[in-house]
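Each protein sequence line maps, in turn, to chains A and B. Per the UniProt record's numbering, residue 1 is the first one in the first sequence, and the count goes up by one each step. Per the UniProt record's numbering, residue 1 is the first one in the second sequence, and the count goes up by one each step.
If you're looking for bench data, these hints aren't it; they were derived computationally from the structure. Keep in mind the model is a prediction, meaning the values are calculated, not measured. Any given hint could be a false lead.
Unchecked claim - For lysine-lysine, the following BS3-like pairs were computed, each having C-alpha atoms within a straight-line distance of at most 25 Å: (1) A:76 - B:180; (2) A:184 - A:119; (3) A:66 - A:184; (4) A:115 - B:180; (5) A:119 - B:180; (6) A:76 - B:108; (7) A:115 - A:184.
Said to hold, decoys possible - Covered, in the sense of this in silico footprint (three residues per stretch, anywhere, with C-beta under 8 Å from a C-beta of chain A), are these stretches of chain B: (8) 178–186; (9) 191–203.
Yeah, the Cβ is synthetic: ideal placement off N, Cα and C, and Gly gets one too.
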Amino acid sequence: MNAPVILRAENLERRFGGLTAVSGFSFELREGEILGLIGPNGAGKSTTFNLISGFLRPSGGRLFVKGRDVTGASAKTISRLGLVRTFQHDSLLSEMSVVDNILIGTYHQRRAHEKRMEKVREVASMTGLADHLQTTAGNLPHGLQRMLSIAIALAAEPQILCLDEPLTGLQGAEVSTALELFEKLRTTHGLSILLVEHNMRAVMRACDRVIVLNYGRLLAEGPPETVSRDEAVIEAYLGRGR
Amino acid sequence: MWNRLPGVWICVAFAIASVLFALLATNAYYTSLVVWVLTNAVLASALRFVLQIGELNIATAAFFGIGAYTTAITAVLLGWPFWLTLLLAPLVAGALSALFGWVTLRTKGPYFLLVSFAVTEVVRLVYTQTNAIGGNSGLVGMFPPMAIEAYYPALAVALLAATLFALYGVERSDLGRLFKAIENNDAIPRSVGLNVVFLKVLCVVIAGSAVGLAGGLHAYANNVIAPSDFTFFVAILALAYVKIGGEGHALGPVLGAALLTLVGQWVAGISAWENIFYGAVIVVTLLVFPGGLVGLAARARGLVTRSAR
Numbered sequence: 001m002n003a004p005v006i007l008r009a010e011n012l013e014r015r016f017g018g019l020t021a022v023s024g025f026s027f028e029l030r031e032g033e034i035l036g037l038i039g040p041n042g043a044g045k046s047t048t049f050n051l052i053s054g055f056l057r058p059s060g061g062r063l064f065v066k067g068r069d070v071t072g073a074s075a076k077t078i079s080r081l082g083l084v085r086t087f088q089h090d091s092l093l094s095e096m097s098v099v100d101n102i103l104i105g106t107y108h109q110r111r112a113h114e115k116r117m118e119k120v121r122e123v124a125s126m127t128g129l130a131d132h133l134q135t136t137a138g139n140l141p142h143g144l145q146r147m148l149s150i151a152i153a154l155a156a157e158p159q160i161l162c163l164d165e166p167l168t169g170l171q172g173a174e175v176s177t178a179l180e181l182f183e184k185l186r187t188t189h190g191l192s193i194l195l196v197e198h199n200m201r202a203v204m205r206a207c208d209r210v211i212v213l214n215y216g217r218l219l220a221e222g223p224p225e226t227v228s229r230d231e232a233v234i235e236a237y238l239g240r241g242r
Numbered sequence: 001m002w003n004r005l006p007g008v009w010i011c012v013a014f015a016i017a018s019v020l021f022a023l024l025a026t027n028a029y030y031t032s033l034v035v036w037v038l039t040n041a042v043l044a045s046a047l048r049f050v051l052q053i054g055e056l057n058i059a060t061a062a063f064f065g066i067g068a069y070t071t072a073i074t075a076v077l078l079g080w081p082f083w084l085t086l087l088l089a090p091l092v093a094g095a096l097s098a099l100f101g102w103v104t105l106r107t108k109g110p111y112f113l114l115v116s117f118a119v120t121e122v123v124r125l126v127y128t129q130t131n132a133i134g135g136n137s138g139l140v141g142m143f144p145p146m147a148i149e150a151y152y153p154a155l156a157v158a159l160l161a162a163t164l165f166a167l168y169g170v171e172r173s174d175l176g177r178l179f180k181a182i183e184n185n186d187a188i189p190r191s192v193g194l195n196v197v198f199l200k201v202l203c204v205v206i207a208g209s210a211v212g213l214a215g216g217l218h219a220y221a222n223n224v225i226a227p228s229d230f231t232f233f234v235a236i237l238a239l240a241y242v243k244i245g246g247e248g249h250a251l252g253p254v255l256g257a258a259l260l261t262l263v264g265q266w267v268a269g270i271s272a273w274e275n276i277f278y279g280a281v282i283v284v285t286l287l288v289f290p291g292g293l294v295g296l297a298a299r300a301r302g303l304v305t306r307s308a309r
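Build the full structure now, drawing on both the sequences and the hints.
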């Protein structure tokens with residue numbers, strides 16, 4: 001793949017007191033690519049997400065979005081450059097209606113209310129929420145709640161979408177629908193997607209490339225089929241055989 | 001749900017009736033009582049306005065006082081024209097709210113509550129220690145110009161009612177939706193490129209300007225102000241109005257303020273029991289109908305529509 005790099009991390013590092021959560025972590029996301037970020041619990045995936053989205057400041061290293069150095073920039077700056085993230089937990093506005101949830105994603109730009117609503121309807125139909133616009137988000141079935149958190153991010157019109165475990169708790173058919181959406185976002189909207197996910201089968205199916213994080217460090221990198229056979233990766237997930 | 005449009009028109013009619021009452025009533029006690037009810041309604045509504053972003057702002061009392069002192073200082077000590085002294089009250093209170101919010105809104109919940117409490121008491125102590133503005137005894141002699149004096153209660157009621165409608169307007173706007181989103185889960189607006197701290201400061205500034213204007217109007221209505229008028233207890237009473245009226249709708253604090261202010265006129269005669277009375281009313285309200293008066297009304301409506309089916 002030779003598409004231009006849209007997101008680059010160089011030796012990213014984050015320490016919490018004496019604990020180093022992420023260290024010397026470098027990776028690249030290319031335009032139109034779906035990149036999987038996997039690793040065992042506590043490997044530093046969430047910290048990485050917080051670092052690249054500006055929710056946390058790195059203790060070291062550099063971060064570039066669309067070639068611009070955004071090391072230490074605010075979440076607002078990074079989001080307005082086109083990198084929008086979702087959340088693993090508390091990923092929506094549970095007390096507000098679906099339409100109000102998606103509307104929140106449109107306020108980064110000044111525009112007429114009718115234009116905003118157009119965007120809301122477009123995003124809602126893409127994510128299967130068109131028939132639930134007036135429902136209170138907290139009352140949606142789990143699968144639609146996951147889709148709503150993606151819808152909010154899409155309303156912000158990102159070029160880079162960072163999804164934090166978007167498939168958690170989804171049933172078989174829902175997983176397929178979600179993966180089809182990711183594929184569609186990539187092909188018809190030209191989005192680049194960074195996907196943190198525990199569902200290995202889904203990662204193998206959806207991703208062009210996978211990076212594996214363990215103890216805050218890059219463990220392996222490559223196409224899904226290579227990574228899934230990597231000795232070090234298997235060991236990190238399953239432990240050493242005796 | 002509230003049927004919105006007729007509801008607003010009923011409120012407009014009520015506001016016009018209050019202005020007319022303040023204009024036509026000849027008994028000064030009643031006209032000043034209407035002004036006082038609406039002043040409390042603005043205090044309670046401003047407190048609820050900041051509750052939208054999930055923060056209990058005790059400094060509502062401080063900015064009420066800052067508005068009153070701004071008007072009193074510029075009117076009595078500097079002799080500036082009436083309209084200018086009135087205009088400065090919300091401007092100064094709003095500007096200081098911005099400074100206050102920018103410094104303090106990085107904290108949340110109980111921390112913000114304590115800081116806002118401390119600020120209120122510090123501001124009050126500054127009044128008491130500053131002899132140039134009357135120290136403990138405050139300032140006396142804010143009178144509206146002769147030409148306006150007869151109409152002043154009506155003017156105050158009109159401006160206070162307009163303030164209430166303005167707060168409601170913001171609540172119904174895009175900005176109000178953003179405030180609610182911040183209260184619900186501030187990580188979401190942050191993740192889609194919004195400056196959450198700025199929005200929170202803006203919320204506090206709007207509420208601060210509203211009570212600032214109420215303070216300026218209060219200075220002319222009362223003709224005398226003192227530091228003891230602006231303790232944290234003002235905010236606690238406003239919270240009582242909000243809780244009893246109900247937090248769920250903008251009408252809640254207005255109804256709560258009206259009810260408790262009027263009842264308060266009656267219990268003022270029982271001196272020491274006054275505060276015990278307020279405390280008891282709050283406890284009973286929270287136990288028996290936690291949604292306040294508007295919650296009760298909504299529930300009654302629900303019962304009616306259900307039995308009609």
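Notebook entry, point to check: Which numbered conditions among the earlier hints are violated in the structure presented, ordered from lowest to highest?
Noted result: none
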